[in-house]
Amino acid sequence: MITLSSVLRRYTSEVAIGPVNLEIQQGGITALVGPNGAGKSTLLTMIGRLMGMDAGSITVAGLDVSKTPSKELAKTISILRQENHFVTRLTVRQLVGFGRFPHSGGRLTVEDERIISQAIDFLHLGELESRYLDELSGGQRQRAYVAMVLAQDTDYVLLDEPLNNLDMQHSVQMMQHLKRAATELGKTIVIVLHDINFAGHYADHICALKHGEVVALGTPEEIMVPETLSAIFNTPIDVIDGPRGLLACYF
Amino acid sequence: MSAITRQETSGPHQDRRHDPVASRGGLFAETDAHRRSGALPSRRAALRYWIVLAVLAVLAAASVLGTLAYDNPMEFGSRGFWLIAQMRAESIIVIVVVAFCQAIATIAFQTITNNRILTPSVMGFESLYRLVQTSAVYVLGAAGITFLTGVGQFLLQIALMVGFAALLYGWLLARRGGNLQITLLVGIVLGGGLGAAATFMQRLLTPSEFDILTARLIGSIANADTDYLGWAIGLAGVTGILLWAQAGRLNVMALGRDTAINLGMAHRRQMIVVLLLVSALMAVSTALVGPLTFLGFLVAMLAYQLGDTYDHRLLFPLAWLIGVVVLAGSYFILKHVFYAEGSVGIIIEVVGGTFFLVYILRKGRL
Amino acid sequence: MVVGLLVVGGLVVASLFVGQYDIFGAEDGAQMFAITRIPRTIALVLAGAAMAMCGLVMQMITQNRFVEPTTTGTTEWAGLGLLLVMIVAPGSPLVVKMIVAVITAFIGTSIFFAFLQRITLRSSVIVPIVGIMLGAVVGAVSTFIALQTDMLQSLGIWFAGSFTGIIQGKYEPLLVVIVVVVAVFVAADRFTAAGLGEEFSTNIGLDYRAVVLLGTGLIAIATGIVTVVVGNLPFLGLIVPNIVSMFRGDDLRSNLPWVALTGIALVTVCDLLGRTIIAPFEVPVSLILAVVGAVVFIALIVRRS
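Residue numbers (the numbering used here), protein chains in the order written: chain R, 31 to 281; chain G, 13 to 378; chain C, 577 to 881.
Treat the hints with care, as some may be off.
FRET-style restraints, in silico, Cβ to Cβ [stated by the list, open to error]:
hint, chain 1, residue 1, chain 2, residue 2, range
1, G, S220, C, I853, 25 to 35 Å
2, R, G82, C, A875, 21 to 31 Å
3, C, F761, R, V255, 56 to 66 Å
FYI, nobody ran anything at the bench for these hints, they're computed from the structure. This one's a predicted model, so the numbers in the text were calculated from it and none came from an experiment. All C-beta atoms in this analysis are idealised placements derived from N, C-alpha and C, irrespective of residue type, glycine included.
Starting from the given sequences, assemble the full structure and let the hints guide the process.
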């Protein structure tokens with residue numbers, strides 16, 4: 031379980047995130063949604079201890095993220111930001127291998143190699159594993175980053191807009207991979223999503239943020255309600271029962 | 013805690029045997045023995061690396077031997093031959109030490125700054141060195157240079173430079189929101205201030221004093237005094253070993269702040285540690301032969317190109333050898349072809365600087 | 577604005593009357609006044625305004641607050657040009673030296689802008705770092721040439737900015753920078769537009785290349801002339817626009833007169849300091865500027881972060 035209590039981050043005297051009190055259940059996919067500037071990514075990066083907070087505390091599986099050594103946390107939570115470019119040239123397998131660093135400290139054991147192979151296969155990257163990252167397409171590269179995070183083998187996985195820059199096909203595939211990771215591998219995945227329909231379809235819980243505060247939290251069925259969505263996104267939104275589930279219509 | 017985590021997470025992996033996707037994983041598992049994640053991704057890459065390393069080793073040995081033996085007026089093997097060779101050997105040792113310091117410091121620095129066009133000389137050391145040397149000549153006249161040569165003074169200069177770095181980085185980086193690039197910029201500007209002070213004092217020197225000073229201010233192997241060579245080797249060796257011990261972490265640091273923290277790195281602390289080690293190496297090199305801005309850049313760039321690996325354990329030795337080849341090679345050529353051994357430092361600066369220009373004009377992203 | 581003008585006016589008058597030579601007591605006081613003090617003060621005003629505005633123009637075009645002639649290698653290029661003239665034709669008049677310095681400064685600035693256009697940047701702070709390294713490359717070439725021709729010390733002396741040697745007959749070329757100052761005032765809006773990128777300026781019907789070329793030309797002329805006549809004035813173009821926008825916000829256009837005034841004030845104060853602290857000797861203004869500049873600049877970025 032991820033617990034945020036009175037988490038606050040100030041930017042200027044007017045702009046602030048929080049105070050946020052939130053409990054994210056173990057298991058499944060929890061989607062953070064909300065309009066631009068609502069503080070979704072900030073919240074995620076604070077949970078992933080990439081950014082400090084001004085007040086409050088965050089615990090992941092009982093570990094206080096601002097007090098626990100980073101090394102310990104790396105075995106429990108992993109976080110992937112939107113933008114990743116490295117100065118070093120890496121192959122897919124080398125990148126995924128870095129995911130084992132918290133466990134192996136850089137010297138890979140046979141067991142590490144097995145987990146790396148599994149993570150690569152899980153995202154169907156087997157054929158690409160010895161290609162260099164700069165030779166891959168955007169979607170393939172994104173999958174490689176996710177594979178690295180899976181190889182890290184943490185119970186909690188935080189992803190900041192992993193669908194960014196992906197086309198429709200790759201977005202859907204990525205969500206299917208993540209769904210499988212949640213169900214088959216028992217991961218708790220927290221993900222920032224832009225498209226409410228992706229959240230409605232794939233997430234198990236949706237947490238809506240606005241002006242730096244949590245305004246709604248619940249299952250997709252509870253959140254995918256015209257009034258709630260319209261209030262969150264400041265746009266008139268209808269919800270229809272589509273052939274494959276609930277769909278938000280905002281045109 | 014971690015044991016529990018491992019048990020929990022290994023559970024689902026076993027369960028996967030029963031579903032179709034996992035059984036596909038199982039098929040792959042049989043070929044797992046061939047799937048390795050080494051720093052050199054394929055046999056070809058590995059072969060390439062070792063061939064490059066071997067060629068460089070041969071080249072380095074050739075330039076070292078060439079420097080020792082070429083144009084030695086005495087008969088090979090005679091007592092006189094060895095005496096001359098011994099004198100030259102000191103230059104070679106200096107070259108090896110300087111190449112070591114510059115190569116390793118630059119690569120480590122570029123890794124933690126996540127930027128392959130910076131060199132640690134931007135940290136303001138050279139200006140500090142320049143100021144110290146100039147003040148000595150200014151205050152004491154030509155005798156000032158002699159005053160600055162001695163083991164104690166050598167160590168003092170190194171301490172001064174490392175202290176400068178420690179103060180600057182300790183102060184700026186340890187603050188909340190401390191940003192490496194801003195810290196570097198502060199270093200550069202401070203360097204500018206120190207440099208201006210040095211330039212002012214240089215104006216007031218007599219031309220002969222100035223000539224003596226110039227010799228010290230331009231990187232030259234002849235600047236090194238063998239009295240404290242032992243100290244230099246010791247300091248560089250210890251720092252080098254410490255950095256070598258960090259190689260695995262440097263590999264992770266190269267992935268950038270966010271990824272490094274995600275993988276459990278105490279990023280800021282690691283950065284300060286590496287910066288201090290880098291500053292110690294740079295201080296040794298600068299105090300030994302004077303400032304060299306672009307040697308490190310040249311060597312590191314070649315090492316990345318030739319090595320094509322992320323692993324610092326493989327990059328460090330490669331870069332060191334390249335450094336020796338470049339320095340000893342140009343020393344040899346300048347000495348025996350152009351009879352201008354004094355200009356090694358400045359020639360390397362110009363060549364390295366040109367490479368730098370070409371490189372940044374070709375490269376798309378910073 | 578009026579207060580600003582008054583303060584700067586006061587400084588200028590102070591500059592006129594501070595010095596070793598007793599212009600009132602001595603018989604030829606008035607003459608000395610005309611030969612040394614007036615030229616020196618005019619030089620201060622022109623160089624201060626020009627270099628501060630150069631910094632502002634570069635910052636407008638690059639949209640980067642840390643850019644100015646000394647952090648982009650422009651001054652080093654001007655120095656290289658100067659050195660070349662001193663070697664090839666040592667006896668050539670000041671005008672020739674200036675023209676060559678302006679040409680090399682132009683080449684250098686163009687290289688820097690070309691470089692900025694070709695890369696995508698992750699951080700604005702990296703730009704000046706690269707610029708300074710670019711300057712170091714050119715500096716290494718200069719040092720090499722100077723070393724081979726035994727010019728190192730004279731290069732150093734020429735390069736360290738100082739108003740000491742500015743007397744009647746030496747400062748007149750500086751009057752050219754008035755043109756630069758005026759041109760900057762006229763073209764300021766275009767530079768701001770160009771700073772928003774090639775696509776943006778084309779969209780509003782501006783010839784991007786022409787504007788950047790104009791900017792580069794103006795910067796090169798001012799830097800080249802000031803370098804030849806006065807020497808290097810480090811960080812002036814950097815700190816002045818930054819200080820002004822700290823007090824007045826980021827509207828570069830309306831900051832322009834303030835930048836010119838503050839530039840004049842800063843150079844004059846530094847020169848007055850240089851003349852008085854170890855009188856009867858003088859500390860070159862470049863040293864004081866570098867020290868003051870370093871302190872102000874560090875305070876600036878530390879505060880901002």
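So does G/S220 sit 25 to 35 Å from C/I853, Cβ to Cβ?
holds (28 Å)
Within 56 to 66 Å: is that where the Cβ-Cβ distance between C/F761 and R/V255 falls?
holds (60 Å)
Cβ distance range 21 to 31 Å for R/G82 and C/A875, holds or violated
At roughly 24 Å between Cβ atoms, C/A875 and R/G82 fall inside 21 to 31 Å, so the hint holds.
Hint compliance for this structure: no hint is broken.
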